[in-house]
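Sequence order for the protein chains is A and B. Take the first sequence: its position 56, counted from the start at 1, is 56 in the numbering used here, and no numbers get skipped. Take the second sequence: its position 83, counted from the start at 1, is 1083 in the numbering used here, and no numbers get skipped.
None of these hints come from the bench; they were simulated from the model. It is possible that part of the hints are untrue.
[Stated by the list, open to error] Below, in silico cross-link-like pairs of lysine-lysine (BS3-like), each with a Cα-Cα straight-line distance of 30 Å or less:
hint, chain 1, residue 1, chain 2, residue 2
1, A, Lys61, A, Lys208
2, A, Lys258, B, Lys1283
3, B, Lys1108, B, Lys1140
4, B, Lys1283, A, Lys267
5, B, Lys1316, A, Lys258
6, A, Lys61, A, Lys207
7, B, Lys1314, B, Lys1283
8, A, Lys206, B, Lys1108
9, A, Lys65, A, Lys206
10, B, Lys1283, B, Lys1303
11, A, Lys267, B, Lys1316
12, B, Lys1020, B, Lys1108
13, A, Lys61, A, Lys258
14, B, Lys1303, A, Lys258
15, B, Lys1108, A, Lys267
16, A, Lys65, A, Lys208
17, B, Lys1020, B, Lys1140
18, B, Lys1316, B, Lys1303
19, A, Lys258, B, Lys1140
20, B, Lys1283, B, Lys1316
21, A, Lys61, A, Lys267
22, A, Lys65, A, Lys267
23, B, Lys1303, B, Lys1314
24, B, Lys1316, B, Lys1020
25, A, Lys267, B, Lys1140
26, A, Lys258, A, Lys65
27, A, Lys209, A, Lys65
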Amino acid sequence: MDDAATLNIVVLVKYVPDTQFDRQLDSGTYTTDRSESILSELDEYAVEAALQLIEARGGAKAGNKVIALTMGPAPAVNAVKKALQLGATEGVHLVDDALAGSDAAGTSLALAAAIRRLGPVDLVIAGMSSTDGETSLVPAQLAERLGLPQVTFAASLQVEDSTVTARRDGERQAETVQAQLPALVSVTDQINEPRYPNFKGIIAAKKKKITELALADLGLEPAQVGAAGAWTAVLSAEPRPARSQGIIITDEGDAGIKLVDFLASRKLL
Amino acid sequence: MTDTARILVFIDNLAGALHKVQHELLTLARSLGEPVAAVGGVPDEALLAELGSHGVATVYRPAADLEDSLVAPKAAFLANAVRAAAPSAVLLENGFGGKEIAARLGIKLSSGVITDAVAVAPDLSVTKSVFAGAYTVVAKVTTGTPVITVKPNTIEAAAAGTGGVPQVVEVDPGDPGPAARIIERSPKPATGRPELSEARVVVAGGRGVDGDFGPIEELADALGGAVGASRAATDAGWIEHSAQVGQTGTTVSPQLYISAGISGAIQQKAGMQTAQVIVAVNKDPDSPVFEIADFGIVGDLFKVLPQAAEEIRKRKG
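Build the full structure now, drawing on both the sequences and the hints.
Shown next as structure tokens:
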């Protein structure tokens, strides 16, 4: 940390297909169709967590920073703009045609390079997963590449001096987890209630700086990222056959028995 | 691939008995080649015997205890175990911890990682679902040693029944770098029910239970299943958050999923539509959940579920 009293936080934000609608893979490239996209709902919790941490330390006026970082094609900048409206202090958009088709390894390589370029960072905060790829690999791979400890699935978060403490709620046990800063944290949808952008925030966001970075700015070669640099490949993708509607009955007093008959017929008892 | 290809399974505990998912991983490993295992400490005799019964001839363990911390030391040790065993693939559990270890391992080994596998073919191509089951994708690791995390309930576990006691090989635990530590654990009271992510049967309740999970729990217990909930039910505080099924909770692929009092919005369907059989009970005949149910009942869950539980107990004697 450059100064114990202020925090430099990077929040990872992603522009993803809206989960309210059917989602598509483009045929041919097997990449995600992003035509109906929004800021990933799960990233709003990460932005909120970052804002709460800096507000407790006097906010942007006191020198604290929340930098919203995204990687993706031109429209992905909308995820950064939304974060700026909510209160992030500046934005970074990593955009380069060669990044298309990056897997987790390529994505984490490019994000790590971008974060190193931002100078000393105390915390990198991410959502619990993207709502599209759903692999949850990128935060852990980013932590590995940056040599950071990772505190994942935080349902609560405190930063005191140079220590981050989080509570995780597992199926078998609840855990309190601690790491020294700098660290990477991912937060769940239990951690807070994300705010909505207000008029003042929307106006203020228009004046905030968004830095565009290309691969060359990061010292990376096109062959290291994108489909060319991927360590995994999709061989085929088929829409899952729609589940057909089965038998629907209306309870006439014996539906519980009929349910058990059905289970028995499928050998599920 | 030859018969001698080794498949390394990471076993994230030191004492027997193995969990159901670990039996599944070892069974899968045996179908792909010669299974070997890596454990993060000193395995007890029961664990070694169980690994032996799966045909595991070699178990790798760290030469010194790993720190009581999260994924980083396990990933560092496992990378060295992979270097020692030179396997053709590494298999891990698909939970949060397994995925995070896999993620770090992939970077350490410059190897591709594929999560959420539902099948792994002899050529190590992996079948998985994406967009919460809307697509089935076949993917392959193209660089390094494939690191694959496998979903529960996708393989029928079976012991080989032929093995002896495995040989234990010590490897350098490696340097984990800065790691997060667990400073406090509070175990949850045992419910006697299986874990949600691994359960063969899940009975889940939503808004329609109106605060009372009694009928859900009763039917789950009659079937030996786990209890799940929609986000509406966990947000209302009717049941703890860890019971949530769906996009922001646990994704389940049980043999049987019974949904009661849940309308079936896309985010809820997301967590369960790869279940083999779906049963839905809802008062509203227009609930979207009926579109994907194999068996649907338009009715009152407070009547239907207790009647079904009673009938199951009667038939089971």
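| message | For each hint given before, does the structure comply? Return the numbers of the non-compliant ones in rising order. | response | Violated hints: 8, 13, 15, 19, 21, 22, 25, 26; rest satisfied.
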